Amino acid sequence: MKRAGRYILFYSALFGLWTLLAELKIWPPYLFPTPWGVGEALYAGFQDHTYWIAIRVSMQRVVIGYAISVVLGMILGLGVASNKFLEETMGGLLVSLQSLPSICWWPLALLWFGLNQNAILFVVIMGSFLSVTLAMEDGRKQMPKIFGQAGRNLGAKGFRLFWYVLLPASLPFIVSGLKQGWAFAWRSLITAEMLYLSLGLGQVLMMGRDLNDMSAVIAVMILIIAIGYVVDGVVFKGMERHLQNKWGLTAAT
Amino acid sequence: MSTNVQKFPGEFPLPVDPRFPTDSGGIRAGTSPISVRVPDHAVTPETCKVGLSEICLSYRTRSGERLLALDHINLQVRAGEFVCVVGPSGCGKSTLLHLIAGLQPQTSGQILIDGKPVQGPGTDRIMIFQEHGLFPWLTVGQNVEFGMKMKGVPRAEREEKTRYYLRLVHLAKFENSYIHQLSGGMRQRVAIARALATEPDVLLMDEPFAALDAQTRDLLHDELERIWSDTGRTIIFVTHNVREAVRLGDRVVLLTFRPGRVKSQFPVELPRPRHLEDPTVARAAREILDELREEINQSLEAEYNDGVKPRIEPGVQA
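Top to bottom, those sequences are chains A and B.
Residues 1 to 253, numbered by my numbering, are exactly what the first sequence covers, in order.
Residues 1 to 318, numbered by my numbering, are exactly what the second sequence covers, in order.
Any given hint could turn out to be false.
Just the calculated beta-carbon pair ranges, DEER-fashion [said to hold, decoys possible]:
hint, chain 1, residue 1, chain 2, residue 2, range
1, A, V95, B, A211, 31 to 39 Å
2, B, E277, A, D232, 55 to 63 Å
3, B, E277, A, V235, 54 to 62 Å
4, B, G120, A, K237, 37 to 45 Å
5, A, V95, B, P105, 27 to 35 Å
6, A, V234, B, E65, 49 to 57 Å
7, B, E65, A, V230, 56 to 64 Å
8, B, E65, A, I225, 55 to 63 Å
9, A, K237, B, H275, 50 to 58 Å
10, B, Q181, A, M59, 36 to 44 Å
11, B, K151, A, V234, 37 to 45 Å
What the hints contain is simulated information worked out from the structure, not anything from laboratory work.
Source: prediction; values computed, not measured.
Cβ coordinates follow ideal geometry from the N, Cα and C atoms, glycine included.
Using the sequences plus the hints, can you model the full thing?
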């Protein structure tokens, strides 16, 4: 109750400050829109289905791209963690590659895949699979050795050892990496969509810019934040709770 | 390996019970002088379940020198025998179990199970770890089922056997619990059920009860003895607790400190069921302990290695 009160206080103050700045008309309204201007833009966007379509298209892309990232990242991360040669060589490369903003791959992606959906997916994957790889590598190392030993002892080997033992055993250690991977995937997607007529949220945002409609731009920004927040709250918080229930409160941090 | 972090056992030195002379009762052979190699009693090639011949293990330390961990270990274990391996911390007794389990290759020598050399892990030899190694993402039932699932046992049979083995360790009610909800003793019982469920010929137990309180350990000793006599499995049980070894084993094998060698072997011929507090058990343990002391002192010196050398003098009572 107290927490809810603090939330209301904070957000009404933020809202008030915004309204005040907009009402003072320091900047013209097309540069600094009012809160209700943004509200109207949101309403209009959902009313004519632009936002619904944009959300659907963007979500589809990010889900596909992220899923590929997770699979690739887990395989690569496990490989790097269990092979000394790979760890020494590729380990460093992976870390340095992570400092590269994924949108830097855009020119290459355009040449390789053409101006289409695959180019966007490529950028999304390049943005997020490194996080998953590094998290998996780290998780595999942090994971107590005994799980692997017990698994092999009970007759699990090869893919079954990975699927039934190593993967579930490392989950508590890689949740944060998976979460980071998701955040990177989402950002890379929006960036890529802004560069190309694509129907997604990124394009709708750029449309606002082209129409000089800052209310629409801010409305889409709010949408992007909200979706990121909801996925984090529903998918990843749920996963963490699930792990905590199984492992006990101490193991999953 | 976990042997390096073992705690020094609390039972040393043992008080001598004045009612009993120390030089008799239930135990033969294996008295000092050091490294008398007692032939494995009554083990013929036909009855030999686990045969270790000339096992050596050496590994490279970080500074680059080769360290010999196990030195020409020879050991024959009869089918259905309960063998306890004791030795000071760092003598490589846990490592020996890992080798038998096939989790780690030896440098030289051969491990035979029913006359066939060990090549990697197999469900005919199941290990029970000190930290139990149960899977926290699975329920108790799923843990017990795991080995059978890997073996491809059909679901109905799996479920039936899971229930059977959970009943055997008195945990039928906890089939759907998660591991973190159980006490330490219950976890070890799940580990025992999980190991038995794959129906191995050999159980390899690596200090399974070391982390438990005394009452729980006593109970589990009784249960293990019962399960052993019910199922007729061969058990190789590693411990640093000599009395535990005497209480459980048909035979106690004493390893030396670094490199691990078989120093002597003591057939224990006390009637079962035994109890940890039996004077006969204590007396038999004393005899083994006297021989173990030398090794323990060496391991303590290696551990403390700073000029201060705690010694346990033979014959000095607390």
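Right, here's what the structure says about each hint:
Checked against the given bound of 31 to 39 Å, the beta carbons of A/V95 and B/A211, roughly 38 Å apart, stay inside it. In this structure, B/E277 and A/D232 meet the distance hint of 55 to 63 Å, their C-beta atoms being roughly 58 Å apart. At roughly 56 Å, the beta carbons of B/E277 and A/V235 sit within the given window of 54 to 62 Å. Checking the proposed 37 to 45 Å range against B/G120 and A/K237 shows it holds: the Cβ atoms sit about 41 Å from each other.
Between A/V95 and B/P105, the C-beta spacing of about 33 Å keeps the proposed range 27 to 35 Å intact. The hint said 49 to 57 Å for the Cβ distance between A/V234 and B/E65, and at roughly 55 Å that hint holds. Distance hint for B/E65 and A/V230: a CB-CB separation of about 58 Å, consistent with the stated range 56 to 64 Å. Between B/E65 and A/I225 the beta carbons are some 58 Å apart, a value that agrees with the proposed interval 55 to 63 Å.
Take A/K237 and B/H275: their Cβ atoms lie about 52 Å apart, and the range 50 to 58 Å holds. For the pair B/Q181 and A/M59, the supplied restraint of 36 to 44 Å holds, since their beta-carbon distance comes to about 38 Å. For the pair B/K151 and A/V234, the supplied restraint of 37 to 45 Å holds, since their beta-carbon distance comes to about 38 Å.
When each numbered hint is compared with the structure, no violation occurs for any of them.
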